Structures are given as C-alpha cells and as structure tokens.
Amino acid sequence: MKTFLALILAFALGLGGGLAYAWAINPVSYTDTSPASLRDDFRADYLTLIAVAYDASGDLPRARARLAQFAYADPAPILTALAQQRLGQGWPESQARALARLAADLTAGSGAPASPAPTTAVAGTPTPARTATPVPSPAPTRTPTSTPGAPFRLLTQEPVCDPDLGQPLLQVEVVDAAGQPVAGSEVRVVWDTGQDHFFTGLKPDLGIGYGDFRLTPGVVYSVQLVDSDQPVTGLTAGECVADDSTRYPGSWLLRFQQPAR
Amino acid sequence: MHRHEVRALKAIVRLLTALFVGAAVGVIYGWVVQPVRYIDTAPGSLRADYRTDYVLMVAQAYAAEQDLQTAQVRLASLGPQAPSDLVTAALTYAVDHGFTRADLETLNQLAVALRSAAPAAEIQAP
Numbered sequence: 000m001k002t003f004l005a006l007i008l009a010f011a012l013g014l015g016g017g018l019a020y021a022w023a024i025n026p027v028s029y030t031d032t033s034p035a036s037l038r039d040d041f042r043a044d045y046l047t048l049i050a051v052a053y054d055a056s057g058d059l060p061r062a063r064a065r066l067a068q069f070a071y072a073d074p075a076p077i078l079t080a081l082a083q084q085r086l087g088q089g090w091p092e093s094q095a096r097a098l099a100r101l102a103a104d105l106t107a108g109s110g111a112p113a114s115p116a117p118t119t120a121v122a123g124t125p126t127p128a129r130t131a132t133p134v135p136s137p138a139p140t141r142t143p144t145s146t147p148g149a150p151f152r153l154l155t156q157e158p159v160c161d162p163d164l165g166q167p168l169l170q171v172e173v174v175d176a177a178g179q180p181v182a183g184s185e186v187r188v189v190w191d192t193g194q195d196h197f198f199t200g201l202k203p204d205l206g207i208g209y210g211d212f213r214l215t216p217g218v219v220y221s222v223q224l225v226d227s228d229q230p231v232t233g234l235t236a237g238e239c240v241a242d243d244s245t246r247y248p249g250s251w252l253l254r255f256q257q258p259a260r
Numbered sequence: 000m001h002r003h004e005v006r007a008l009k010a011i012v013r014l015l016t017a018l019f020v021g022a023a024v025g026v027i028y029g030w031v032v033q034p035v036r037y038i039d040t041a042p043g044s045l046r047a048d049y050r051t052d053y054v055l056m057v058a059q060a061y062a063a064e065q066d067l068q069t070a071q072v073r074l075a076s077l078g079p080q081a082p083s084d085l086v087t088a089a090l091t092y093a094v095d096h097g098f099t100r101a102d103l104e105t106l107n108q109l110a111v112a113l114r115s116a117a118p119a120a121e122i123q124a125p
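Just so you know, the sequences run in chain order A and B. The opening position of the first sequence corresponds to residue 0 in numbering that gives the first Met the number 0, with each subsequent residue numbered one higher. The opening position of the second sequence corresponds to residue 0 in numbering that gives the first Met the number 0, with each subsequent residue numbered one higher.
Keep in mind that the hints were calculated from the coordinates and are not lab data. Bear in mind that the values here come from a model prediction, so they are computed numbers and not experimental data. Backbone N, C-alpha and C define an ideal beta-carbon position, used for all residues, glycine too.
Using C-beta positions, here's what the derived DEER-type ranges look like: (1) A72(A) x L15(B): 45 to 53 Å; (2) I38(B) x S221(A): 42 to 50 Å; (3) L67(B) x A70(A): 32 to 40 Å; (4) A101(B) x T215(A): 45 to 53 Å; (5) D161(A) x Y28(B): 54 to 62 Å; (6) V5(B) x M0(A): 15 to 23 Å; (7) P34(B) x Q194(A): 50 to 58 Å; (8) E64(B) x T245(A): 47 to 55 Å; (9) G193(A) x Y28(B): 57 to 65 Å; (10) A116(B) x A70(A): 34 to 42 Å; (11) A23(B) x T30(A): 20 to 28 Å; (12) T192(A) x A81(B): 45 to 53 Å; (13) D40(A) x Y28(B): 29 to 37 Å.
So that you can see chain A by itself, here it is in the shape it has in the complex (with noise of 0.2 Å):
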C-alpha cells in the first residue's frame, strides 16, 4: 500500500513537472502564428490591410487567399459590419471605402474560389512554410468605381411607400455610364442642425451599388452624391397609406448614373 502510495506521488510529481515544463517553461512557441489567431484589433487591422492592398492593386484571387486564412464561410458581411464600424469610429474614409469595395467584388462573385488556408496541424508543430504561388496576375475585374471628372447626374427621384422597409430611408443607387452598379460612391446627407453621409456596397446584399440613410419624419434633407455636382433639396419623408388605412413614413429613392463621356 505505501509503494503504491509512493508510486502514485512520483507520478503526481512527474505530472506536474511535464505540465509546469509544457506549459511554463518550454510552453508552444507564439511564434510562426496565422493571420487567424490575431487578437480582434489586430484582426481588424489586417483585414482592412487586405481590402485596402485589393483596392490598390485590383487583384481579387489574391484577396480571397488572403481572406480563406480567416476561413470565414462568407468574409463579405464582416466586411461590410467592418466597414460600418470603422466609418463610425472615425477611421480614414478610404479604408471604409475600400473594405465596401472588397465586399461588394466578394459578393460579385467574380474570380476563382480561394484555396483553404494552410492550417497548423498540431500546434507546436507548424506546417513547412507556405510558398509564395506567384500569381500569374489575371486581368483584375474590380467592380466599377466612378471616374474622375464625370460627375453622376439624377437618373430619377421616386417617393417610395412600402411597409416592409419598416422604418423612413432615404435609398441611393448609383450605376455607372454602361448601367453596372458603383460601390463606394460617399453620399452626404444635410439637414438644419447636422449632416452625416454613407457609402453604396455597403449593405451588398441589396445591391453593391445601393446605399440607404434612415430619414426623420419632419425633418427636410439636402443629398448630395459627392462624385456629383447637383444636391438634390427638400427631401423629407412623405406620408403613405397602408392597406388597412393606416399612416407611415415614406421613404425616397434617388437614382445615380454617370453619364457616357
């Protein structure tokens, strides 16, 4: 009984020493990490890296592989719920805009589907160092952004009554020369005691070319598209009636083209 007693003591102590050597001593090295570990700030950060890298060279293929690294099952919405958040902790507008950007080309669908990240198998024992694929650099398709010098024009400027929407919106969409909706166009919103602006693509669900502001009933509104030299003014929300007679705010929609040069 007492050797046993002993023997369970040495293991004990054993144990404990492998665990104080595994876990303090000699714990598993933070080196060699993934982009999937960073802390949530620093995740952010890198994200916004990536959208602003694909913004300034266009390559989509590389954006999703950098993105599979996260293995997030759909990276668009983060993106967007990023962009929304850094808008409004007072970031530079260019990061709101390029992560919209990225977002919006992910939704579009358009490039090959990344490969998986490489994944560390057993931590403490990373995988052999990624290669660098060089990418062969396919034509970049990006989604289409407005041009320099070719102020959008209102296409149309339509009051919208529709219950579903739930509450007033001011919608914007705004397309390109050729029709082809344009993510990242900045919209400014002015009222008697304040302003605010929004981006399109940022909610790409309903359009990477759309972008809406929630009205306040009673309030008058002057919008102006930033790539555009013509305010629209006096916009508040109208009344609707609905089905069963009862009253709400309306919504407006406004309609952005650039026109053919």
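Fit chain B to the known structure of chain A by using the hints.
What follows is chain B alone, placed relative to chain A:
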C-alpha cells in the same frame, strides 16, 4: 548485494519510472492534448510567409496612397525592428520564394522610400 538493498533499488527504479511516465504524460498533455492556445496574438508573431505577405500588403497600399507615415505605422505592428529592416527581410524572403516581379518591385519601392526618408520619431504600434 543484500536482499534489502535490492528491494530498495527496485523501489527507486519504480519511483523513477512513475516519475518519468508522469512527466511524459504531462508533456504530451501540455503540448498535444491541451497545448497553449493560439489566441489574441499580435502580427509580430506571424510566420515568415504571413509576415512577408503583410509587408507586401503594406507596400501595395503605399504604392497607391503614397503615405509613408501610414505605411510606417502599419509596419510597426510587426515589432520593434526598423521599418526598413522589416521590408528588407520581406524582400529577401520574396526573392528566395519566387514572388512575382511586380511584387518585388512593389516591396522595393517601399524599401527605397523608407531608406530615403528622414529618420522618424518612434512610432507606436496601433
């Protein structure tokens, strides 16, 4: 050797064996079954290929924005090394691993800009 000495020796061997087995189990558990988890890491701990790709992204952004200070801030996330050293290391890795000519030129453009820039005040990692 006396009988009680043999018995004591056997006991010591058994104890050492138990100690060794316990230690082995502990190490296996600590390294394989329940290792230190990779969470909340910083870009500075990224593997060399990911670090290189990070620097490349910074260089691509710099190529479009021409904002050296922003590039330096982004590079500061990778650690306390001088930004130009980080880019040089990335260039070396890129050359060794067959990155495209365009990538090498993009990296080189940032390296040249960093080298030609006046020494900047220390930049805090974001």
